[in-house]
Structures are given as C-alpha cells and as structure tokens.
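Can you build the whole structure from these sequences, using the hints too?
Here the sequence shown stands for residues 1 to 108, numbered as in the numbering used here.
One should not assume that every hint holds.
[As the list claims (entries may be wrong)] In silico DSS-like links for lysine-lysine, alpha-carbon gap of 25 angstroms or less:
1) K49 - K68
2) K20 - K49
3) K20 - K68
The hints are simulated quantities; they were obtained by calculation from the structure and are not laboratory data.
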Amino acid sequence: MTDYTVEFVGTGEQITVSEKETILRRCIEEGIAQEYSCRVGMCLACSAKIVEGEVTQPAAHGFTDEEKEEYALTCMARPQSDLVLDRGQYPPSIDEEVEGTTGAAADD
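Below, the structure is given as structure tokens:
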C-alpha cells in the first residue's frame, strides 16, 4: 500500500492519504475542515481543483469525464500521486449554473 501527501492551497494543511482511502475520509480522521454532504459523488460539496497530481475517482458521478481530469470529489477521490488541491473550487459548468440560478432569483 502506497501513501501520498495531500496539500491544500492557502491553508498550510497537509495530510498523508493511502491509495486505498478517500481524501475526505482522511480529512475527517485528521480533523481537517472539508465540506461534504452526500458522500456518494453526487452533490459536489466536497469539490476541489487538482493543482498538481493525479487521483482515481470512478464513482464521481457529479463530474463529466473531462471534469474528472481537473477536479476531485474528495468523497470519492483516491490519490495516485502526491497532490495539491484547491478546495471549494468547482468546474466552470457548475459555477455557470449557480450564477444563472442566483441571477434568476434576484430578478423576481
């Protein structure tokens, strides 16, 4: 079993995560404040931009295949190398949906 270092942008936080466990699970065990909700790869609350490194996340249903290359759902993602993650970052398609919804509500 291989362990990898996962560093979070802007926080100075760093954890060691096995290739067999999810990043979110390790965050919870280490007391790292990582947002999450569903824990099944659908809600996107635990999304993070992959700044450096690689993950495997075949059950990350909330992302397209292209988005899985640049973003991690920490509830599903298992490291395949040392990582640098920027938490709370969402793919542009998600940001556009949220902005569109917010704008529509403001017009009512």
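| said: If you test the structure against every hint from before, which numbers come out violated? | reply: none
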